[in-house]
Amino acid sequence: MRRPTPAPAPPPGVEAGRGTVREVFAAFLLLGVTSFGGPIAHLGYFRAELVGRRRWVSDAEYSDLVALSQFLPGPASSQVGFGLGLHRAGPLGALAAFLAFTLPSAVLLLAFAAGAAVFGGVVGGGILAGLTIAAVAVVAQAVLGMRRSLAPDPVRASIAVVAAVVALLAAGPLGQLDAIVLGAVAGVLLCRAEPDVEPGRAPGAGVAAGASAGAGAGPAAGASAGAGAGPAAGASAGAGAGPAAPDTLSASEHGIIRFPVGRVAGGVCLGLFMVLLAGLPVLAQATGWGALQLFDTFYRAGALVFGGGHVVLPLLQAGVVDPGWVTAEQFVAGYGAAQAVPGPLFTFAAYLGALSTVGPGGAAGATIALAGIFAPGLLLLVGVMPFWNALRSRRWARALLRGTNAAVVGILAAALYDPVFVTAITGPAPAALALLCLALLLVWRVPAWAVVAVGALGGIALALVA
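In terms of the working numbering, the sequence shown opens at residue 3 and continues consecutively.
Simulated from the structure, these hints should not be mistaken for lab results.
Think of the CB as a built atom: it goes at the ideal place given N, C-alpha and C, for glycine as much as any other residue.
One or more of the hints may lead you astray.
[As the list claims (entries may be wrong)] The calculated label-pair distances, taken between Cβ atoms and stated as ranges, are:
1. 264 - 57: 24 to 34 Å
2. 389 - 32: 46 to 56 Å
3. 397 - 116: 41 to 51 Å
4. 273 - 36: 36 to 46 Å
5. 123 - 265: 53 to 63 Å
6. 36 - 124: 28 to 38 Å
7. 124 - 395: 57 to 67 Å
8. 326 - 167: 22 to 32 Å
9. 437 - 288: 44 to 54 Å
10. 459 - 359: 29 to 39 Å
11. 396 - 109: 32 to 42 Å
12. 399 - 428: 40 to 50 Å
13. 389 - 192: 23 to 33 Å
14. 124 - 57: 51 to 61 Å
When you get a sec, could you build the whole thing from the sequences and use the hints?
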(Lines of atoms letter the chains of each structure in order from A; the text may use other names.)
(Lines give C-alpha, C1' and ligand atoms only; values in the text may rest on other atoms or scores of the structure.)
Protein backbone atom coordinates (compact mmCIF):
# COMPACT_ATOMS: atom_id res chain seq x y z
CA MET A 3 0.00 0.00 0.00
CA ARG A 4 1.30 3.42 -0.90
CA ARG A 5 2.47 5.36 2.11
CA PRO A 6 0.66 8.67 2.69
CA THR A 7 2.62 11.81 1.99
CA PRO A 8 3.87 13.15 5.32
CA ALA A 9 2.90 16.62 6.47
CA PRO A 10 5.49 19.33 5.64
CA ALA A 11 8.11 19.92 8.29
CA PRO A 12 7.86 23.15 10.23
CA PRO A 13 10.20 25.98 9.24
CA PRO A 14 13.65 25.95 10.85
CA GLY A 15 13.55 26.96 14.49
CA VAL A 16 9.80 26.44 14.85
CA GLU A 17 8.42 23.34 16.55
CA ALA A 18 4.90 22.47 15.42
CA GLY A 19 2.31 23.07 18.13
CA ARG A 20 4.64 25.07 20.41
CA GLY A 21 5.13 28.80 20.31
CA THR A 22 5.20 31.93 22.41
CA VAL A 23 2.47 34.38 23.27
CA ARG A 24 4.53 37.15 21.69
CA GLU A 25 4.80 35.18 18.45
CA VAL A 26 1.03 34.63 18.36
CA PHE A 27 0.27 38.28 19.11
CA ALA A 28 2.60 39.53 16.37
CA ALA A 29 1.18 37.14 13.77
CA PHE A 30 -2.43 38.08 14.49
CA LEU A 31 -1.73 41.80 14.76
CA LEU A 32 -0.42 41.67 11.20
CA LEU A 33 -3.55 39.78 10.15
CA GLY A 34 -5.74 42.24 12.04
CA VAL A 35 -4.50 45.22 10.04
CA THR A 36 -4.44 43.50 6.63
CA SER A 37 -7.46 41.15 6.59
CA PHE A 38 -10.09 42.92 4.52
CA GLY A 39 -13.00 41.26 2.77
CA GLY A 40 -15.16 39.33 5.22
CA PRO A 41 -14.88 35.94 6.92
CA ILE A 42 -13.86 33.87 3.89
CA ALA A 43 -11.04 36.28 3.15
CA HIS A 44 -9.96 36.22 6.80
CA LEU A 45 -9.85 32.43 6.76
CA GLY A 46 -7.89 32.55 3.52
CA TYR A 47 -5.35 34.92 5.05
CA PHE A 48 -5.10 32.69 8.13
CA ARG A 49 -4.41 29.65 6.00
CA ALA A 50 -1.79 31.38 3.88
CA GLU A 51 0.08 32.79 6.88
CA LEU A 52 -0.38 30.20 9.63
CA VAL A 53 -0.77 26.96 7.66
CA GLY A 54 1.17 27.69 4.49
CA ARG A 55 4.02 29.90 5.73
CA ARG A 56 4.36 29.31 9.48
CA ARG A 57 2.95 25.73 9.48
CA TRP A 58 1.38 25.94 12.91
CA VAL A 59 -1.15 23.25 11.91
CA SER A 60 -1.74 20.97 8.94
CA ASP A 61 -4.33 21.68 6.25
CA ALA A 62 -6.49 18.88 7.64
CA GLU A 63 -6.33 20.24 11.20
CA TYR A 64 -7.14 23.72 9.93
CA SER A 65 -10.17 22.39 8.07
CA ASP A 66 -11.37 20.66 11.23
CA LEU A 67 -11.12 23.90 13.21
CA VAL A 68 -13.00 25.79 10.48
CA ALA A 69 -15.69 23.10 10.56
CA LEU A 70 -16.04 23.48 14.33
CA SER A 71 -16.36 27.27 14.08
CA GLN A 72 -19.08 26.95 11.44
CA PHE A 73 -21.00 24.46 13.56
CA LEU A 74 -21.29 27.01 16.37
CA PRO A 75 -22.86 30.47 16.56
CA GLY A 76 -20.44 33.35 16.72
CA PRO A 77 -17.80 35.05 14.56
CA ALA A 78 -16.15 32.27 12.54
CA SER A 79 -12.84 33.97 11.78
CA SER A 80 -12.38 35.14 15.38
CA GLN A 81 -13.19 31.66 16.67
CA VAL A 82 -10.67 30.11 14.28
CA GLY A 83 -8.05 32.66 15.33
CA PHE A 84 -8.76 32.00 19.00
CA GLY A 85 -8.47 28.25 18.41
CA LEU A 86 -5.18 28.62 16.55
CA GLY A 87 -3.77 30.75 19.36
CA LEU A 88 -4.91 28.18 21.92
CA HIS A 89 -3.36 25.35 19.93
CA ARG A 90 -0.10 27.24 19.46
CA ALA A 91 0.53 28.80 22.88
CA GLY A 92 -2.21 27.76 25.29
CA PRO A 93 -4.83 30.01 26.94
CA LEU A 94 -2.63 33.13 26.89
CA GLY A 95 -1.95 32.48 23.21
CA ALA A 96 -5.69 32.32 22.56
CA LEU A 97 -6.20 35.65 24.33
CA ALA A 98 -3.29 37.20 22.43
CA ALA A 99 -4.69 36.02 19.09
CA PHE A 100 -8.13 37.40 19.88
CA LEU A 101 -6.90 40.81 21.08
CA ALA A 102 -4.42 41.29 18.25
CA PHE A 103 -6.94 40.42 15.54
CA THR A 104 -9.78 42.44 17.09
CA LEU A 105 -8.16 45.65 18.33
CA PRO A 106 -7.27 47.35 15.00
CA SER A 107 -10.82 47.41 13.64
CA ALA A 108 -12.32 48.10 17.07
CA VAL A 109 -10.12 51.18 17.51
CA LEU A 110 -10.96 52.44 14.02
CA LEU A 111 -14.70 52.06 14.59
CA LEU A 112 -14.44 53.69 18.01
CA ALA A 113 -12.74 56.63 16.30
CA PHE A 114 -15.51 56.72 13.71
CA ALA A 115 -18.10 56.83 16.50
CA ALA A 116 -16.30 59.82 18.01
CA GLY A 117 -16.22 61.49 14.60
CA ALA A 118 -19.85 60.66 13.84
CA ALA A 119 -20.92 62.62 16.89
CA VAL A 120 -19.46 65.81 15.38
CA PHE A 121 -20.43 65.18 11.75
CA GLY A 122 -22.55 68.07 10.58
CA GLY A 123 -23.22 70.29 7.64
CA VAL A 124 -23.68 69.23 4.05
CA VAL A 125 -20.48 67.21 3.73
CA GLY A 126 -20.80 65.35 7.04
CA GLY A 127 -24.45 64.54 6.44
CA GLY A 128 -23.63 63.41 2.91
CA ILE A 129 -20.93 61.03 4.16
CA LEU A 130 -23.30 59.42 6.65
CA ALA A 131 -26.04 59.12 4.02
CA GLY A 132 -23.57 57.61 1.55
CA LEU A 133 -22.45 55.03 4.09
CA THR A 134 -26.04 53.94 4.66
CA ILE A 135 -26.54 53.60 0.89
CA ALA A 136 -23.37 51.52 0.54
CA ALA A 137 -24.67 49.26 3.32
CA VAL A 138 -27.69 48.41 1.14
CA ALA A 139 -25.38 47.00 -1.52
CA VAL A 140 -23.18 45.12 0.97
CA VAL A 141 -26.11 43.45 2.70
CA ALA A 142 -27.82 42.63 -0.62
CA GLN A 143 -24.61 40.96 -1.80
CA ALA A 144 -24.46 38.97 1.43
CA VAL A 145 -28.06 37.78 1.02
CA LEU A 146 -27.43 36.66 -2.56
CA GLY A 147 -24.21 34.87 -1.70
CA MET A 148 -25.64 33.17 1.36
CA ARG A 149 -28.72 32.08 -0.57
CA ARG A 150 -26.51 30.29 -3.10
CA SER A 151 -24.40 28.56 -0.48
CA LEU A 152 -26.72 28.03 2.49
CA ALA A 153 -30.12 27.65 0.81
CA PRO A 154 -29.27 26.13 -2.59
CA ASP A 155 -32.14 23.63 -2.82
CA PRO A 156 -35.94 24.00 -2.64
CA VAL A 157 -36.20 22.71 0.94
CA ARG A 158 -33.67 25.11 2.41
CA ALA A 159 -34.86 27.98 0.20
CA SER A 160 -38.36 27.41 1.59
CA ILE A 161 -36.99 27.49 5.14
CA ALA A 162 -35.31 30.82 4.33
CA VAL A 163 -38.54 32.31 2.94
CA VAL A 164 -40.58 31.24 5.97
CA ALA A 165 -37.89 32.60 8.30
CA ALA A 166 -37.95 35.95 6.48
CA VAL A 167 -41.73 36.16 6.84
CA VAL A 168 -41.52 35.36 10.55
CA ALA A 169 -38.76 37.93 11.11
CA LEU A 170 -40.71 40.63 9.26
CA LEU A 171 -44.06 40.00 10.93
CA ALA A 172 -42.78 39.32 14.46
CA ALA A 173 -40.50 42.30 14.92
CA GLY A 174 -37.74 42.33 17.50
CA PRO A 175 -35.47 39.66 18.99
CA LEU A 176 -38.37 37.27 19.64
CA GLY A 177 -39.22 37.07 15.95
CA GLN A 178 -35.61 36.33 15.02
CA LEU A 179 -35.32 33.70 17.74
CA ASP A 180 -38.55 32.10 16.50
CA ALA A 181 -37.12 32.01 12.98
CA ILE A 182 -33.88 30.36 14.14
CA VAL A 183 -35.73 27.72 16.19
CA LEU A 184 -38.07 27.07 13.27
CA GLY A 185 -35.09 26.61 10.96
CA ALA A 186 -33.39 24.23 13.37
CA VAL A 187 -36.50 22.05 13.74
CA ALA A 188 -37.15 22.07 9.99
CA GLY A 189 -33.52 21.13 9.36
CA VAL A 190 -33.68 18.10 11.65
CA LEU A 191 -36.94 16.97 10.03
CA LEU A 192 -36.23 17.78 6.38
CA CYS A 193 -32.46 18.05 5.82
CA ARG A 194 -31.15 14.65 6.94
CA ALA A 195 -30.40 13.11 3.54
CA GLU A 196 -26.62 13.59 3.80
CA PRO A 197 -24.84 10.31 4.65
CA ASP A 198 -22.75 9.95 7.77
CA VAL A 199 -19.23 11.33 7.48
CA GLU A 200 -16.21 9.08 7.68
CA PRO A 201 -14.05 9.53 10.78
CA GLY A 202 -11.17 10.97 8.75
CA ARG A 203 -13.15 13.87 7.34
CA ALA A 204 -14.10 17.26 8.67
CA PRO A 205 -17.84 17.34 8.00
CA GLY A 206 -18.13 21.08 8.23
CA ALA A 207 -15.65 21.85 5.47
CA GLY A 208 -18.39 22.28 2.92
CA VAL A 209 -20.50 24.22 5.38
CA ALA A 210 -17.54 26.40 6.17
CA ALA A 211 -16.99 27.20 2.54
CA GLY A 212 -20.63 28.00 1.96
CA ALA A 213 -21.29 30.05 5.02
CA SER A 214 -18.11 32.04 4.70
CA ALA A 215 -18.62 32.64 1.01
CA GLY A 216 -22.05 34.03 1.69
CA ALA A 217 -20.74 36.47 4.20
CA GLY A 218 -18.43 38.22 1.82
CA ALA A 219 -18.69 36.80 -1.65
CA GLY A 220 -17.53 39.78 -3.61
CA PRO A 221 -14.40 41.01 -1.90
CA ALA A 222 -13.59 37.60 -0.58
CA ALA A 223 -13.27 36.16 -4.03
CA GLY A 224 -10.20 38.16 -4.80
CA ALA A 225 -8.74 38.23 -1.33
CA SER A 226 -9.07 34.54 -0.75
CA ALA A 227 -7.56 33.67 -4.07
CA GLY A 228 -4.49 35.64 -3.27
CA ALA A 229 -4.30 34.37 0.26
CA GLY A 230 -4.54 30.75 -0.51
CA ALA A 231 -8.14 30.17 -1.53
CA GLY A 232 -9.43 29.97 2.00
CA PRO A 233 -11.10 27.00 3.56
CA ALA A 234 -13.32 26.45 0.59
CA ALA A 235 -10.41 25.22 -1.44
CA GLY A 236 -7.20 24.82 0.52
CA ALA A 237 -8.43 23.75 3.90
CA SER A 238 -11.15 21.48 2.62
CA ALA A 239 -8.73 19.85 0.26
CA GLY A 240 -6.54 19.05 3.19
CA ALA A 241 -9.41 17.32 4.96
CA GLY A 242 -9.38 14.48 2.50
CA ALA A 243 -12.11 13.66 0.01
CA GLY A 244 -12.14 9.91 0.35
CA PRO A 245 -12.61 7.34 3.08
CA ALA A 246 -10.68 7.48 6.28
CA ALA A 247 -7.01 6.67 5.94
CA PRO A 248 -5.39 3.68 7.65
CA ASP A 249 -4.95 3.74 11.39
CA THR A 250 -1.23 4.38 10.97
CA LEU A 251 -1.99 8.00 10.09
CA SER A 252 -1.45 10.59 12.79
CA ALA A 253 -4.24 12.67 14.31
CA SER A 254 -2.94 15.60 12.26
CA GLU A 255 -3.33 13.64 9.03
CA HIS A 256 -6.80 12.49 10.11
CA GLY A 257 -7.76 16.16 10.47
CA ILE A 258 -8.36 15.96 14.23
CA ILE A 259 -6.95 19.07 15.85
CA ARG A 260 -5.94 18.76 19.51
CA PHE A 261 -6.52 21.43 22.15
CA PRO A 262 -5.38 21.70 25.79
CA VAL A 263 -8.99 21.64 27.00
CA GLY A 264 -10.38 18.80 29.13
CA ARG A 265 -13.98 17.71 29.47
CA VAL A 266 -14.36 19.39 32.86
CA ALA A 267 -13.16 22.75 31.53
CA GLY A 268 -15.36 22.33 28.48
CA GLY A 269 -18.37 21.56 30.63
CA VAL A 270 -17.71 24.62 32.79
CA CYS A 271 -17.61 26.86 29.70
CA LEU A 272 -20.84 25.38 28.35
CA GLY A 273 -22.49 25.83 31.73
CA LEU A 274 -21.30 29.43 31.98
CA PHE A 275 -22.63 30.11 28.48
CA MET A 276 -26.09 28.86 29.47
CA VAL A 277 -26.12 30.62 32.85
CA LEU A 278 -25.26 33.96 31.24
CA LEU A 279 -27.75 33.49 28.42
CA ALA A 280 -30.59 32.74 30.85
CA GLY A 281 -29.53 34.90 33.78
CA LEU A 282 -28.33 38.14 32.22
CA PRO A 283 -31.78 39.34 31.02
CA VAL A 284 -33.27 38.73 34.47
CA LEU A 285 -30.39 40.42 36.28
CA ALA A 286 -30.31 43.37 33.88
CA GLN A 287 -34.03 43.98 34.28
CA ALA A 288 -33.91 43.60 38.05
CA THR A 289 -31.00 46.00 38.57
CA GLY A 290 -31.70 48.49 35.79
CA TRP A 291 -27.93 48.96 35.48
CA GLY A 292 -27.15 50.38 32.05
CA ALA A 293 -23.78 48.67 31.64
CA LEU A 294 -25.33 45.28 32.42
CA GLN A 295 -28.20 45.92 30.00
CA LEU A 296 -25.66 46.77 27.31
CA PHE A 297 -23.63 43.62 27.96
CA ASP A 298 -26.78 41.47 27.97
CA THR A 299 -28.00 42.84 24.64
CA PHE A 300 -24.72 42.18 22.87
CA TYR A 301 -24.27 38.80 24.56
CA ARG A 302 -27.65 37.58 23.28
CA ALA A 303 -26.86 38.87 19.79
CA GLY A 304 -23.52 37.04 19.75
CA ALA A 305 -25.14 33.84 21.00
CA LEU A 306 -27.58 33.65 18.08
CA VAL A 307 -25.38 34.50 15.08
CA PHE A 308 -25.21 31.55 12.71
CA GLY A 309 -23.99 31.69 9.13
CA GLY A 310 -21.65 34.69 8.99
CA GLY A 311 -20.95 38.10 10.45
CA HIS A 312 -23.61 39.91 8.43
CA VAL A 313 -26.31 38.00 10.32
CA VAL A 314 -25.49 40.07 13.41
CA LEU A 315 -27.11 43.07 11.70
CA PRO A 316 -30.78 42.23 12.42
CA LEU A 317 -29.98 40.96 15.90
CA LEU A 318 -28.20 44.18 16.85
CA GLN A 319 -30.83 46.30 15.15
CA ALA A 320 -33.49 44.74 17.34
CA GLY A 321 -31.32 45.22 20.42
CA VAL A 322 -30.18 48.83 20.06
CA VAL A 323 -32.32 50.58 17.44
CA ASP A 324 -35.78 49.35 18.43
CA PRO A 325 -35.40 50.51 22.07
CA GLY A 326 -33.89 53.83 20.91
CA TRP A 327 -30.32 53.39 22.15
CA VAL A 328 -28.97 54.54 18.76
CA THR A 329 -30.85 55.96 15.79
CA ALA A 330 -31.47 53.97 12.63
CA GLU A 331 -29.32 56.44 10.69
CA GLN A 332 -26.39 56.03 13.09
CA PHE A 333 -26.80 52.25 12.98
CA VAL A 334 -26.76 51.85 9.20
CA ALA A 335 -23.99 54.43 8.72
CA GLY A 336 -21.81 52.59 11.21
CA TYR A 337 -22.51 49.30 9.50
CA GLY A 338 -21.38 50.83 6.24
CA ALA A 339 -18.20 52.10 7.88
CA ALA A 340 -17.53 48.63 9.29
CA GLN A 341 -17.15 47.33 5.74
CA ALA A 342 -14.21 49.66 5.16
CA VAL A 343 -12.00 48.43 8.00
CA PRO A 344 -10.04 45.17 8.32
CA GLY A 345 -10.73 42.51 10.89
CA PRO A 346 -13.94 40.92 12.20
CA LEU A 347 -17.30 42.50 11.43
CA PHE A 348 -18.33 41.95 15.06
CA THR A 349 -16.24 44.98 16.01
CA PHE A 350 -19.23 46.97 14.77
CA ALA A 351 -20.26 46.47 18.40
CA ALA A 352 -17.54 48.92 19.48
CA TYR A 353 -19.17 51.67 17.43
CA LEU A 354 -22.63 50.91 18.81
CA GLY A 355 -21.45 50.63 22.40
CA ALA A 356 -19.69 53.97 22.14
CA LEU A 357 -22.81 55.75 20.83
CA SER A 358 -25.39 53.94 22.97
CA THR A 359 -27.49 56.14 25.25
CA VAL A 360 -27.67 53.19 27.67
CA GLY A 361 -24.45 52.36 29.48
CA PRO A 362 -21.34 54.47 29.95
CA GLY A 363 -20.80 55.24 26.25
CA GLY A 364 -17.44 56.10 24.74
CA ALA A 365 -14.52 53.71 25.12
CA ALA A 366 -16.06 52.04 28.19
CA GLY A 367 -19.30 51.35 26.35
CA ALA A 368 -17.35 50.03 23.36
CA THR A 369 -15.40 47.65 25.60
CA ILE A 370 -18.55 46.31 27.26
CA ALA A 371 -20.25 45.77 23.90
CA LEU A 372 -17.20 44.00 22.47
CA ALA A 373 -16.91 41.72 25.50
CA GLY A 374 -20.59 40.91 25.29
CA ILE A 375 -20.75 40.06 21.61
CA PHE A 376 -17.59 37.93 21.48
CA ALA A 377 -18.02 36.09 24.81
CA PRO A 378 -20.72 33.55 23.83
CA GLY A 379 -18.98 32.34 20.67
CA LEU A 380 -15.66 31.88 22.46
CA LEU A 381 -17.27 30.14 25.45
CA LEU A 382 -19.05 27.74 23.11
CA LEU A 383 -15.87 27.12 21.13
CA VAL A 384 -13.89 26.11 24.21
CA GLY A 385 -16.87 24.23 25.64
CA VAL A 386 -17.42 22.07 22.56
CA MET A 387 -13.73 21.38 21.84
CA PRO A 388 -13.45 18.26 24.07
CA PHE A 389 -16.63 16.77 22.57
CA TRP A 390 -16.15 17.77 18.94
CA ASN A 391 -14.73 14.50 17.68
CA ALA A 392 -17.86 12.62 18.81
CA LEU A 393 -20.32 15.33 17.77
CA ARG A 394 -18.91 15.95 14.30
CA SER A 395 -20.20 12.64 12.88
CA ARG A 396 -23.83 12.98 14.08
CA ARG A 397 -26.23 13.32 11.15
CA TRP A 398 -28.88 15.14 13.20
CA ALA A 399 -26.34 17.79 14.25
CA ARG A 400 -25.39 18.52 10.65
CA ALA A 401 -29.07 18.60 9.65
CA LEU A 402 -29.82 21.08 12.45
CA LEU A 403 -26.97 23.28 11.24
CA ARG A 404 -28.23 23.22 7.63
CA GLY A 405 -31.72 24.26 8.72
CA THR A 406 -30.40 27.00 10.99
CA ASN A 407 -28.12 28.38 8.28
CA ALA A 408 -31.04 28.47 5.84
CA ALA A 409 -33.12 30.38 8.39
CA VAL A 410 -30.46 33.04 8.88
CA VAL A 411 -30.55 33.75 5.14
CA GLY A 412 -34.19 34.70 5.59
CA ILE A 413 -33.45 36.75 8.71
CA LEU A 414 -30.79 38.71 6.85
CA ALA A 415 -33.16 39.23 3.90
CA ALA A 416 -35.70 40.71 6.31
CA ALA A 417 -33.01 43.03 7.71
CA LEU A 418 -32.12 44.12 4.18
CA TYR A 419 -35.61 45.59 3.96
CA ASP A 420 -35.81 46.98 7.50
CA PRO A 421 -33.76 48.79 8.70
CA VAL A 422 -31.26 48.96 5.83
CA PHE A 423 -33.41 49.73 2.78
CA VAL A 424 -36.09 51.83 4.47
CA THR A 425 -33.41 53.96 6.16
CA ALA A 426 -31.12 54.52 3.18
CA ILE A 427 -33.34 54.65 0.10
CA THR A 428 -35.32 57.86 0.35
CA GLY A 429 -35.73 58.58 -3.36
CA PRO A 430 -34.57 57.77 -6.91
CA ALA A 431 -31.06 59.21 -6.50
CA PRO A 432 -30.12 57.11 -3.44
CA ALA A 433 -31.60 54.07 -5.18
CA ALA A 434 -29.40 54.71 -8.22
CA LEU A 435 -26.29 55.05 -6.05
CA ALA A 436 -27.16 51.81 -4.25
CA LEU A 437 -27.51 50.00 -7.59
CA LEU A 438 -24.12 51.36 -8.67
CA CYS A 439 -22.52 50.09 -5.46
CA LEU A 440 -24.16 46.69 -5.91
CA ALA A 441 -22.89 46.46 -9.49
CA LEU A 442 -19.38 47.31 -8.30
CA LEU A 443 -19.56 44.40 -5.85
CA LEU A 444 -21.25 41.79 -8.05
CA VAL A 445 -20.13 42.62 -11.58
CA TRP A 446 -16.70 44.20 -11.22
CA ARG A 447 -15.73 42.48 -7.95
CA VAL A 448 -14.58 45.72 -6.32
CA PRO A 449 -13.57 45.22 -2.65
CA ALA A 450 -16.15 46.25 -0.08
CA TRP A 451 -13.93 48.95 1.44
CA ALA A 452 -13.62 50.64 -1.97
CA VAL A 453 -17.38 50.41 -2.53
CA VAL A 454 -17.92 52.08 0.85
CA ALA A 455 -15.63 54.91 -0.27
CA VAL A 456 -17.66 55.26 -3.48
CA GLY A 457 -20.84 55.38 -1.41
CA ALA A 458 -19.44 58.11 0.85
CA LEU A 459 -18.32 60.22 -2.12
CA GLY A 460 -21.65 59.66 -3.82
CA GLY A 461 -23.46 60.71 -0.66
CA ILE A 462 -21.48 63.97 -0.59
CA ALA A 463 -22.35 64.59 -4.24
CA LEU A 464 -26.06 63.97 -3.64
CA ALA A 465 -26.02 66.28 -0.62
CA LEU A 466 -24.32 69.07 -2.57
CA VAL A 467 -26.77 68.74 -5.46
CA ALA A 468 -29.73 68.76 -3.10
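### Message
If I claimed the Cβ atoms of residue 389 and residue 192 lie 23 to 33 Å apart, would that claim hold in this structure?
### Response
Since residue 389 and residue 192 have Cβ atoms about 26 Å apart, the given range 23 to 33 Å holds.
### Distance restraint hint 41 to 51 Å, applied to the beta-carbon atoms of residue 397 and residue 116
holds, 50 Å
### Task
Take a look at whether the Cβ-Cβ distance between residue 437 and residue 288 falls inside 44 to 54 Å.
The hinted range 44 to 54 Å holds for residue 437 and residue 288, with Cβ atoms some 48 Å apart.
### Message
Can you tell me whether the CB distance of residue 396 to residue 109 sits inside 32 to 42 Å?
### Response
Once the Cβ atoms are compared, 41 Å apart, the range 32 to 42 Å for residue 109 and residue 396 holds.
### Query
For the pair residue 459 and residue 359, does the Cβ-Cβ distance stay inside 29 to 39 Å?
holds, 30 Å
### Query
Quick one: are residue 124 and residue 395 within 57 to 67 Å, going by C-beta?
Hint holds: Cβ distance 60 Å, inside 57 to 67 Å.
### Message
Taking 40 to 50 Å as the stated bounds, is the beta-carbon spacing between residue 399 and residue 428 within them?
### Response
This hint holds: roughly 45 Å between Cβ atoms.
### Message
Quick check on a hinted range of 46 to 56 Å for residue 389 and residue 32, using CB atoms only.
### Response
The hinted range 46 to 56 Å is violated for residue 389 and residue 32, with Cβ atoms some 33 Å apart.
### Task
Could you tell me whether the CB distance from residue 36 to residue 124 stays inside 28 to 38 Å?
holds, 34 Å
### Task
Hint says 24 to 34 Å; check whether the CB-CB distance for residue 264 and residue 57 agrees.
holds, 26 Å
### Query
Holds or violated: 53 to 63 Å for the Cβ distance of residue 123 and residue 265?
At 59 Å between Cβs, range holds.
#### Entry: Range hint compliance [Cβ, residue 124 to residue 57, 51 to 61 Å]
Once the Cβ atoms are compared, 53 Å apart, the range 51 to 61 Å for residue 57 and residue 124 holds.
Violated hints amount to a single one, hint 2; each of the other numbered hints is respected by the structure.
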